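Novice: My numbering applies: residue 1 is where the sequence shown begins, and numbers increase by one.
Simulated from the structure, these hints should not be mistaken for laboratory data. One should not assume that every hint holds.
[As the list claims (entries may be wrong)] Okay, the calculated beta carbon distance ranges per label pair:
1. R178 with W209: 19 to 25 Å
2. E89 with D152: 17 to 23 Å
3. L138 with S54: 21 to 27 Å
4. G251 with G92: 36 to 42 Å
5. T33 with V263: 17 to 23 Å
6. D262 with G183: 21 to 27 Å
7. E89 with Q275: 17 to 23 Å
8. D76 with A176: 20 to 26 Å
9. R149 with G32: 20 to 26 Å
10. Q266 with R58: 35 to 41 Å
11. V263 with N229: 19 to 25 Å
Please read these numbers as outputs of a predicted model, since none were measured by experiment. Think of the CB as a built atom: it goes at the ideal place given N, C-alpha and C, for glycine as much as any other residue.
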Amino acid sequence: MPLRRWCTRCSPPRYRSTTPDHVLHIRRFGAGTDIVALHGFSLTGEQFSPIAASLDRRVIAPDLPGHGLSRTHPTDVDSVTAAIDVLLEGFGKPTPLMGYSQGGRMALLTAIGDHSNVSDLILVSSNPGIDDSAERELRMERDHVLADRIRDIGVEAFIDSWTAAGITSLDHLDEAYRVWDSGVRSENSAEGLASALHGYGQGAQPSVWDEIGNLTMPVLLIVGGLDENYMSINDEMADLIPGAELAVIEGARHNPLADKPDVTCQAISRFLDRQR
1 MPLRRWCTRC
11 SPPRYRSTTP
21 DHVLHIRRFG
31 AGTDIVALHG
41 FSLTGEQFSP
51 IAASLDRRVI
61 APDLPGHGLS
71 RTHPTDVDSV
81 TAAIDVLLEG
91 FGKPTPLMGY
101 SQGGRMALLT
111 AIGDHSNVSD
121 LILVSSNPGI
131 DDSAERELRM
141 ERDHVLADRI
151 RDIGVEAFID
161 SWTAAGITSL
171 DHLDEAYRVW
181 DSGVRSENSA
191 EGLASALHGY
201 GQGAQPSVWD
211 EIGNLTMPVL
221 LIVGGLDENY
231 MSINDEMADL
241 IPGAELAVIE
251 GARHNPLADK
261 PDVTCQAISR
271 FLDRQR
């Protein structure tokens, strides 16, 4: 994989992939066959470090544009998916692609745009966009308001509020995990997160509900059993995507990778093993 190693002292090693619009900083965890994993909003590729061993695979996890160590740059959906596609092309063969929430949306758009680089698609708590144009416009306005708030209050205060309420709350997890998660999110900058919201937040993403039926690779949809909204969305997605498998992780909320990591990793591994 033609990634340039840029940090010789970092553990684990860090690499980067360069495109005309973005320099993606890439984290690599574990060993085995490769899987590319895309993180959720306000996280980084480090999100996947705790689960790499359970997956028994080498996890290639970029910091998405505006996150972590990836360059803060005016961005949009097309430039993000193009950067992901360049990363995938570097493997020289179709490779499994996984994404959580924001990362799942970008993984889905990448797979729809070019089927040839994705062997298998795993979407965790993801959706194909907001179909109603008025609702999408409203969401864009909310994303812009949130972006301004992040700039105003800074990353630390934003993380405290983001992880304390709603579907992104971590209050049900133990203190050690919350401390680790806060450290991961603290690598972000206010301007970077605001740029990401403007460029590829849910309001900026086009709806691809009419296109998901064209996916030809094996698809696994993962959703937490306590995440009622995304349960409904993923039920509908499973009906529309040919041959899609739906794994409901009982007892998990919006982030099954954090709430029930062992069960979630087992579902992913079983799915990938069946495709061999």
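Novice: Does each hint fit the structure? Answer for all of them.
Specialist: Comparing the hints with the structure gives:
1. R178 with W209: 19 to 25 Å: violated (35 Å)
2. E89 with D152: 17 to 23 Å: violated (39 Å)
3. L138 with S54: 21 to 27 Å: Taking Cβ atoms as reference, L138 and S54 lie about 39 Å apart, which means the hint is violated.
4. G251 with G92: 36 to 42 Å: Holds: the Cβ-Cβ distance is about 40 Å, inside 36 to 42 Å.
5. T33 with V263: 17 to 23 Å: holds (21 Å)
6. D262 with G183: 21 to 27 Å: Between D262 and G183, where Cβ atoms are some 22 Å apart, the hint holds.
7. E89 with Q275: 17 to 23 Å: holds (20 Å)
8. D76 with A176: 20 to 26 Å: This hint is violated: roughly 37 Å between Cβ atoms.
9. R149 with G32: 20 to 26 Å: violated (41 Å)
10. Q266 with R58: 35 to 41 Å: Check failed, 18 Å falls outside 35 to 41 Å.
11. V263 with N229: 19 to 25 Å: holds (21 Å)
Hints 1, 2, 3, 8, 9, 10 from the earlier list are contradicted by this structure; the remaining hints agree with it.
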